[in-house]
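Chemist: Could you build all of it, start to finish, from the sequences and the hints given here?
Number of protein chains: 2
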Amino acid sequence: MKIDLHTHILPRDWPDLDAKYGYGGFVRLDHYKPCCARMMIGDRVFREITDNVWDPKRRIEEMDSAGVSMQVLSTVPVMFSYWARPTDALDLSRLLNDHIAEVVRQNPNRFVGLGTIPLQDVDLAAQELERCVSQLGLRGVEIGTHVDPNEHCHGADCRNLDHRSLDVVWKTAERLNAAIFVHPWDMMGKERMPKYWLPWLVGMPAETCLAICSMMFGGVFERFPKLRVAFAHGGGAFPFTIGRIEHAFYVRPDLLAVDNKTNPRSYLATDKTPARFYVDSLVHDTEALKILVKLFGSHRVALGSD
Amino acid sequence: MKIDLHTHILPRDWPDLDAKYGYGGFVRLDHYKPCCARMMIGDRVFREITDNVWDPKRRIEEMDSAGVSMQVLSTVPVMFSYWARPTDALDLSRLLNDHIAEVVRQNPNRFVGLGTIPLQDVDLAAQELERCVSQLGLRGVEIGTHVDPNEHCHGADCRNLDHRSLDVVWKTAERLNAAIFVHPWDMMGKERMPKYWLPWLVGMPAETCLAICSMMFGGVFERFPKLRVAFAHGGGAFPFTIGRIEHAFYVRPDLLAVDNKTNPRSYLATDKTPARFYVDSLVHDTEALKILVKLFGSHRVALGSD
Chain A
470 MKIDLHTHIL PRDWPDLDAK YGYGGFVRLD HYKPCCARMM IGDRVFREIT
520 DNVWDPKRRI EEMDSAGVSM QVLSTVPVMF SYWARPTDAL DLSRLLNDHI
570 AEVVRQNPNR FVGLGTIPLQ DVDLAAQELE RCVSQLGLRG VEIGTHVDPN
620 EHCHGADCRN LDHRSLDVVW KTAERLNAAI FVHPWDMMGK ERMPKYWLPW
670 LVGMPAETCL AICSMMFGGV FERFPKLRVA FAHGGGAFPF TIGRIEHAFY
720 VRPDLLAVDN KTNPRSYLAT DKTPARFYVD SLVHDTEALK ILVKLFGSHR
770 VALGSD
Chain B
470 MKIDLHTHIL PRDWPDLDAK YGYGGFVRLD HYKPCCARMM IGDRVFREIT
520 DNVWDPKRRI EEMDSAGVSM QVLSTVPVMF SYWARPTDAL DLSRLLNDHI
570 AEVVRQNPNR FVGLGTIPLQ DVDLAAQELE RCVSQLGLRG VEIGTHVDPN
620 EHCHGADCRN LDHRSLDVVW KTAERLNAAI FVHPWDMMGK ERMPKYWLPW
670 LVGMPAETCL AICSMMFGGV FERFPKLRVA FAHGGGAFPF TIGRIEHAFY
720 VRPDLLAVDN KTNPRSYLAT DKTPARFYVD SLVHDTEALK ILVKLFGSHR
770 VALGSD
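Going line by line, the protein sequences match chains A and B. Using the working numbering, the letters of the first sequence correspond one by one to residues 470 to 775. Using the working numbering, the letters of the second sequence correspond one by one to residues 470 to 775.
Calculated directly from the structure, the hints in this document are not laboratory data. No experiment lies behind these values; they were computed from the predicted model shown. A couple of the hints might just be wrong.
[Claimed, not checked] Cβ pair distances, simulated, as ranges:
{"no.": "1", "chain 1": "A", "residue 1": "L724", "chain 2": "B", "residue 2": "E571", "range": "26 to 36 Å"}
{"no.": "2", "chain 1": "A", "residue 1": "P722", "chain 2": "B", "residue 2": "C504", "range": "13 to 23 Å"}
{"no.": "3", "chain 1": "B", "residue 1": "K489", "chain 2": "A", "residue 2": "S774", "range": "53 to 63 Å"}
{"no.": "4", "chain 1": "B", "residue 1": "E571", "chain 2": "A", "residue 2": "E660", "range": "36 to 46 Å"}
{"no.": "5", "chain 1": "B", "residue 1": "T556", "chain 2": "A", "residue 2": "L758", "range": "44 to 54 Å"}
{"no.": "6", "chain 1": "B", "residue 1": "P663", "chain 2": "A", "residue 2": "D592", "range": "17 to 27 Å"}
{"no.": "7", "chain 1": "B", "residue 1": "V720", "chain 2": "A", "residue 2": "E571", "range": "24 to 34 Å"}
{"no.": "8", "chain 1": "B", "residue 1": "K695", "chain 2": "A", "residue 2": "R527", "range": "49 to 59 Å"}
Glycine included, each C-beta is placed from N, C-alpha and C at the ideal position.
Modeler: This is the structure:
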């Protein structure tokens, strides 16, 4: 049984969201030729995609060819829409989650699903998380590395994953035994990286490290001991910088150990126990993968193909 | 002979820079008790420091105790002042560089020096780089991971190290055989990281990776084949994310290979040749250090204690 934790899916079609909600910024698909589509935001091409993004039959062919037994389906992070009006993001989340649930229902031996939730409103988010798991049969949700209710202005209400308002989400997930898959989005520094795809290469690994550090130092794993969390792309920059992070914990406890006195390294694997949280294997490098297995234990590194 | 590449130094005293230049934002030292001082910016304590920052005698005692033969001296990155008026940053650079040169002159067997240059004005920067090496006997300069002439607003004139305007600096350094030590500062995302010292733990490794990627993809190593460059903190997040970076080079050459068609991994060590650039060893972790030596070759990993 080979389970691929990290695969994204979209419906083939959905309503014009800019029109439905009355303001711009949402993604639409332009099926400009057979088998291919452009994800558009306004007049801008966000990304070219092929039919394996929306067609379960094509996915299953590729899984068979790659020897993958099951895919864990989650939406494309640009769909999170944490910047939108909360009720609109809830509406969009429901649409995406219903679609994933339907794909899973039609192929229950090949797919399981993770939903998306409108984290800019934690009560709506907890409500949709409950619906995803209790009614739709999804296994949990995919979330971003932080929650910015503004569109990229990073104001005071931009929240990292240690923010106490999110506790209601963690509490709900813990009660439901729902998995949390943290995927980088809305990358730090992107306004300074116009070239070379650097928001994806530099910003994403930094975002994931930010999310891990925020949850560790904010004491989330202490307050919710049964919460199950996985971080994308092998934990981003975290595995290589744990030495720096632990060193900082020793030399500046006045800054790091203010909300949680646990040494960050104690969340990693020991000879006898695996790590407190999961990562996927998506590092594209043998040496990096070896480090992952060493730091997290093989039971906490999940296959991920993206 | 053990040479410590990464050590910072300040003069014990300097003029009131806010008063001298007529606007605020510069660092001053508050010697509030013997052996200790506070680095102040306005009324804010930036950092507490001890006399090993400014007293060569204390540094030599510590070097002897740690078995270090020589220290490479460079200023503290908060002194870069790329946000200041260029002529003021030049004036401050000259003051700091003259001080480092004087410390080196008095202890030529224990210290060598790197200057700082006002990179917000590349001509003044090249001029001061020339003075540092030709007149002061310094071995090169320490620079930041990007150049933002604004104070942290990251506008359109914020430049990464691939910016062609910097070629005059690289050209001057290459001609003088001057070393470039790239140290993270003015960290991306810092406005979103008010807690847990995260600009230092997440932002700094991301900045260093940004600098490496910018110089690689911008073709700096191709245009200046003899330029000698070292990156702080073991190259930040870069060594763990080279797999992701190389993968992106293959799948999106339309985004990555626009200014330089060289595979990023070809700048790393092979069985026969060391890497194209240097890193220091400052990763605080055995496994990470092993990766560094494997990726860069032992001749390209310099001892660094910070």
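Chemist: Now, for every hint given, state plainly whether the structure supports it.
Modeler: Now for the hints, and whether the structure bears them out:
1. Distance hint check: the CB atoms of L724/A and E571/B are about 34 Å apart, consistent with the given range 26 to 36 Å.
2. Range check, P722/A to C504/B: about 22 Å between beta-carbon atoms, so the 13 to 23 Å window is met.
3. Range check, K489/B to S774/A: Cβ separation about 58 Å, and the 53 to 63 Å hint holds.
4. A beta carbon spacing of about 41 Å between E571/B and E660/A agrees with the range 36 to 46 Å that was offered as a hint.
5. In this structure the hint that T556/B and L758/A lie 44 to 54 Å apart at CB holds, the actual value being about 51 Å.
6. Under the hint 17 to 27 Å, the C-beta atoms of P663/B and D592/A, about 24 Å apart, fit the expected range.
7. The supplied range of 24 to 34 Å is met by V720/B and E571/A, whose beta-carbon atoms lie about 30 Å from each other.
8. At about 51 Å, the CB distance of K695/B to R527/A agrees with the hint of 49 to 59 Å.
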